[in-house]
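Residue numbers (the numbering used here), protein chains in the order written: chain A, 3 to 219; chain B, -10 to 209; chain C, 195 to 408.
None of these hints come from the bench; they were simulated from the model. In this text, all values refer to a predicted model and were calculated from it rather than measured experimentally.
Below, a list of computed lysine to aspartate or glutamate pairs in the EDC-like style, where the Cα atoms sit at most 16 Å apart:
#1 C/Lys319 / C/Glu292
#2 C/Lys263 / B/Asp208
#3 C/Lys263 / A/Glu55
#4 C/Lys319 / C/Glu307
#5 C/Lys319 / C/Asp306
Pairwise CB distance ranges (calculated):
#6 A/Pro141 / B/Ile189: 10 to 20 Å
#7 A/Leu169 / B/Leu125: 48 to 58 Å
#8 B/Val103 / C/Glu324: 28 to 38 Å
#9 A/Arg53 / C/Gly356: 47 to 57 Å
#10 C/Arg393 / A/Ala177: 51 to 61 Å
Beyond 12 Å from chain A on every Cβ pair, some chain B residues (computed):
#11 Leu25
#12 Gly31
#13 Asn38
#14 Ala102
#15 Leu105
Backbone N, C-alpha and C fix where the C-beta goes; we use that ideal spot for every residue, glycine too.
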Amino acid sequence: MLVAGAAIFFYAPTDFLQGPVQRIFYLHVSSAIAAYGCFAVVLVGGLIYLRNESAIADRFARAGALVGVVFTTVTLVMGMLWAKPIWGTFWTWDARLTSTLVLWIIYAGYLLVRRLAEPGRQAARLAAVVGIFGFIDVPIVHFSVTWWRTQHPGPIIVNDALPAQMLATFLFTMACTLVLAAVMVWIRYRIETLTDERLHVAEPVQMATSREPEPAQ
Amino acid sequence: MNPVRVALAVARKDLRSEWRTREMVPALAQFIVLALLIGNFGFQIDGHNAPTIAPGILWLALVFAGLVAFGRTFAAEREQASLEAMLMTPASPVAIFAGKALAASLLLVICEAVLLPALTIFFGTELNGDLIFAVLLATIGMAALGVMFAALVARVRARELLLPLLTLPLWIPFVVAGGQAVQSAMGLPGNYQEAIGLLIDFDILFVVLTSLAARFVLDE
Amino acid sequence: MSLVVGNGLTHWFGRELALEGVDLVIDTGEHMAVLGENGAGKTTLLRILATMLKPTSGQLQIAGLDAFKERRRLRHYLGYAAHATGLYPALTAVENLEFFCDLQEASRTRVDESLDVVGLASVAKRRAGELSRGMQQRLALARAILHEPRLLILDEPDASLGDDAADLLTRLMRDRTVVMATHDHALANRLCQRTLVLRHGRSHGTASRLRVVK
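In isolation and in its complexed conformation, chain A is listed as follows (with noise of 0.2 Å):
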């Protein structure tokens, strides 16, 4: 991460228009698509505690979504420093930050509910289900603000193209925080194991198979 944090100022070239504050947009972005992989794992996660009960799926479910709240809010608070320079504003409710934002505060729900709810398996229960209905708004929320500006045209953000130099230090700042991400994640789900091991959260037993039931007497 050093590596990128020193490519980010020294490799890449000032953008033209929008001056150094432009930089915070490797990280910004970066952090942003290491949030939805983060949420991808709570998805996959939760789907898979659903289906089988498995201990380990909702270990990294949880781990899965505090690291991605994290990086939300580096994403938001990001985003905002870079919006005021350029914009003039903090916030404007175009359909990026909008999801963005409703992401965030869906994954914060995830988080409540599994600290409100009964520990073990209705937490998780629960939280899975928020966690699957909070991964398929997001793209609906964005897409329907999306529709809606085009019903209504307001402030458009402008993607230039990358110059090469922009570009490479892009991806390789988005690998090394994807690769952070990952870090995180890992060290939280070992956290979370010993969590669980002291709750006497376990793999679920698989039983003999069943028969029909008895004969009535």
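Once you have looked at the hints, place chains B and C on chain A.
This is chains B and C only, laid out in the frame that chain A set:
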């Protein structure tokens, strides 16, 4: 018992209970009145621009009324542990969910039946079939989601906080599309056909998803 | 063939151990009492037996089936009544029972029969919320037997019933396998052939009626 009859039995039971206690009516009525008052005094309106803020007022009132109505569907069950009693029967959780969603939507529709004419009277908006259709379509999807999350938070602490937190992000698409549909039905610029198409898509998607999720949320 | 076989039933609520390694065997037609102080784990055990709670570990077989996996199928077998009555206060006694009758796929004639068994025929048309605590308890019991379950699980049914608790319960328990949690040792002795004593979540063995360990 076949699921449809279970759902109807549950809906009938809910509506009968609500009718006899009439607890929800004052709460919902409050929201409608509040929304109308705020609409009038909170914004600079006169005869001309009153209709333009009417859609916003409508959705504000609906969202809050919805949160109240859906939040309460499981309040009673929780108090009496009757949800457990229902789950101890062979009735499928999806059917129970459908019944409760049906009952809760009906209550919201009754609200709407009061709200829409009120908007016409106080804000001068048009009341026509298009408008009613749009509102009803949105109610379906919002009810499915609202009731599902109400069931989810029924057994969790801090449910008054959690219900809006979880439900509102999922209602956004309905408010956006529904808002457009309502606007154009009221004679303001907007693409009615597209908005309705979106509402239908959202309805189908979320009714299917919530039905699938029902058994995880309701059952132990 | 035993109707209920439980092995090593254990349940944690977060970090609290409610039940630890409880084994039990209940034969068809038996009446078993579960004794123990408040907090000993009786309710937890009964909820597990009623397949309403999945134990953190351990196995439970009812009628030869994995209790939790097949719980949908076992609903017909099981009847459950606990402290919380699970009734709708705004509905009358009859309406309450009719509703649950429909959900249970039982014939509506059972409504009147069950009301008779618990002695509530006279208040059939009164709203459940207006009934006394004891009557509500009886109504909950009536609800539990609507579908004529083979296994009846009762959590402190005598708690609000009056003096005729024993008679009422005897009627209810006839021809059924019953697991009943109670504080009342004398009642347990009178109604049940065996008792299981729970202390701090652990089973202190089962005993026949003559040897109830305090």
